[in-house]
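Using the sequences and the hints, build the whole thing.
Note that the protein sequences, when read in sequence, are chains H and V. Each residue of the first sequence is one higher than the one before, starting from 1 at the first, in this note's numbering. Each residue of the second sequence is one higher than the one before, starting from 1 at the first, in this note's numbering.
Quick caveat, the hints were computed from the structure, so don't treat them as lab data. There may be inaccurate statements among the hints.
Because identical chains cannot be distinguished in the list, a pair is counted as satisfied if it fits within a single copy or across any two copies.
What the hints assert, rightly or not - EDC-like, lysine to aspartate or glutamate: derived pairs with alpha carbons at most 20 Å apart:
#  : residue 1 : residue 2
1  : K93       : E16
2  : K186      : E158
3  : K27       : D14
4  : K27       : E16
5  : K92       : D117
6  : K221      : E162
7  : K163      : E185
8  : K189      : E208
9  : K178      : D212
10 : K189      : D117
11 : K221      : E207
12 : K201      : E158
13 : K92       : D157
14 : K163      : D14
2 protein chains.
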Amino acid sequence: MSGIFYGVGVGPGDPELLTLKAINAIKSSDVVIAPRTEKKDESTALSIARPYIQEGTEILELVFPMNYNSQALSDAWISNKNAILELLDSGKKVAFLTLGDPMLYSTYMYVYRLLEDSHHEIINIPGVNSFSAIGNRLGVPLAEGGDILSIVPATIDEDRLEKILALSDNVVLMKVYKNYTDIVEKLNKHGMVENAVMVSKCGLEGEEIVHDLAAAAGTQKVNYLSTILTKRSKVSKHALA
Amino acid sequence: MSGIFYGVGVGPGDPELLTLKAINAIKSSDVVIAPRTEKKDESTALSIARPYIQEGTEILELVFPMNYNSQALSDAWISNKNAILELLDSGKKVAFLTLGDPMLYSTYMYVYRLLEDSHHEIINIPGVNSFSAIGNRLGVPLAEGGDILSIVPATIDEDRLEKILALSDNVVLMKVYKNYTDIVEKLNKHGMVENAVMVSKCGLEGEEIVHDLAAAAGTQKVNYLSTILTKRSKVSKHALA
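Structure, rendered in structure tokens:
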């Protein structure tokens, strides 16, 4: 038989920020799969989607290890792939939940590649990105006019970070954590610290917003993976008088 | 009296890609404002949102000129601002529609700045970006692992374009049109033409998808503002074996 596999972006945290298409996919699915890492107690994506999961829907939390070296990794992924294929082969509709958007820094993309060659229909449903949610919440434009916006994992090497800060008008730094003080120093060097704002747990319980990154650099403790939005300090050539 | 102003991202085109929050804002509003340019016959954002506009809701199409030099511009914007404030002062809920996301390359940001200092509540509601919709539709990752993703208006000068192509792992080129052949040449020079795909009118009537940009460069006629997704040609170091 032939099933349907939905890759569902559940957005950044607020259950109201799922799209209607995502909600309909979750409601109509026989099985909802939530990926999780070994360490975490529960899947964040699952708790965001929970209001839309119908009674009687099967919920499956699968662990997808993110370390690519061991045999254990390979075994876990193959076992997960087979579990999903078995559901699809029996004609079921399966929704695979993804935080944010399925095509941006997600585990889902690897799952998608594993299933791409199967004969089952696969439907990817985009979601609102965390940086869009932050920009809208704070009223901070991500980019305007002819600006370049770069999305940068804070873990890239220092040389590339400096080059991209020098070249972009606007930068989103993802996954800021232990290297926070180094990051602020580089933002400062490239005229990008004055307009920076750092947010963790946007829209979720325990949300934190830091506006003065330079002042906080020595003292601020970054407890969670945080996101920094910033732009070069200048009077925008696009601003209205 | 005090009104509520919603900046509503309606997403890339499919009415099912509005968020529940956006749909609720539109449904509960007394007035829906759709921005348009002088040239166009109808507002695309309005046609996307139309399924959710309730009977009896007032629809207001306002022209926001994008030429910043003339007195006419200034007059039009002030007149629009006053029209919106009058609605809010009378206690109305007003939804301002924006294609894609309100904080990314939108007219809405300028409107937001004009109203920011008023005492009315303003709620910005994020939307799905067009490039996310394209990536999901085609099953093409926008970025993975430690990749840099740059969002670049195709109208930036050649020197900056070359630098950002050389530095980024993944690039979204927005608003590709007349300079299409030049763009393809630069993508080719930086090893970014093999994995490129160009899409116009994604998810809308008349959608066009071009996979072989190099072959099409001489002959392809780009009829509409198009978007190119691309990434450097290499075996991804994050790909599973």
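Cross-check of the supplied hints:
Taking the closest pair of Cα atoms, K93 and E16 come within 20 Å of each other only across two copies (19 Å); inside a single copy the shortest separation is 23 Å, beyond that limit. Only within a single protomer do K186 and E158 lie at most 20 Å apart by alpha-carbon distance; the minimum there is 9 Å, versus 26 Å between protomers. In this assembly of identical chains, the alpha carbons of K27 and D14 lie at most 20 Å apart whether taken from the same copy (17 Å) or from different copies (19 Å). For a Cα distance limit of 20 Å, the shortest separation of K27 from E16 qualifies both inside one copy, at 15 Å, and across copies, at 14 Å.
When the C-alpha separation of K92 and D117 is checked against a cutoff of 20 Å, the pair qualifies only within one copy, where the shortest distance is 18 Å, while the shortest distance between copies is 53 Å. Taking the shortest Cα distances, K221 and E162 never come within 20 Å of each other, neither inside one copy (23 Å) nor across copies (38 Å). Taking CA atoms no more than 20 Å apart as the test, K163 paired with E185 passes inside one copy only; the shortest distance there is 14 Å, against 23 Å between copies. Proximity of K189 and E208 under a CA criterion of 20 Å is satisfied in neither setting, with 25 Å inside one chain copy and 43 Å between copies.
In the homo-oligomer, the alpha carbons of K178 and D212 lie at most 20 Å apart inside one protomer (18 Å), although the nearest pairing across protomers, at 42 Å, exceeds that limit. In the homo-oligomer, the alpha carbons of K189 and D117 never lie at most 20 Å apart, since the shortest distance is 48 Å inside one protomer and 32 Å across protomers. Proximity of K221 to E207 under the C-alpha cut-off of 20 Å is restricted to the intra-copy arrangement: shortest distance 14 Å within a copy versus 48 Å between copies. In this assembly of identical chains, the alpha carbons of K201 and E158 never lie at most 20 Å apart, being 26 Å within a copy and 38 Å across copies at closest.
Neither within a single protomer nor between protomers do K92 and D157 lie at most 20 Å apart by alpha-carbon distance, with minima of 44 Å and 51 Å respectively. Within a single copy, K163 and D14 get their C-alpha atoms no closer than 34 Å, and across copies no closer than 37 Å, so neither meets the 20 Å cut-off.
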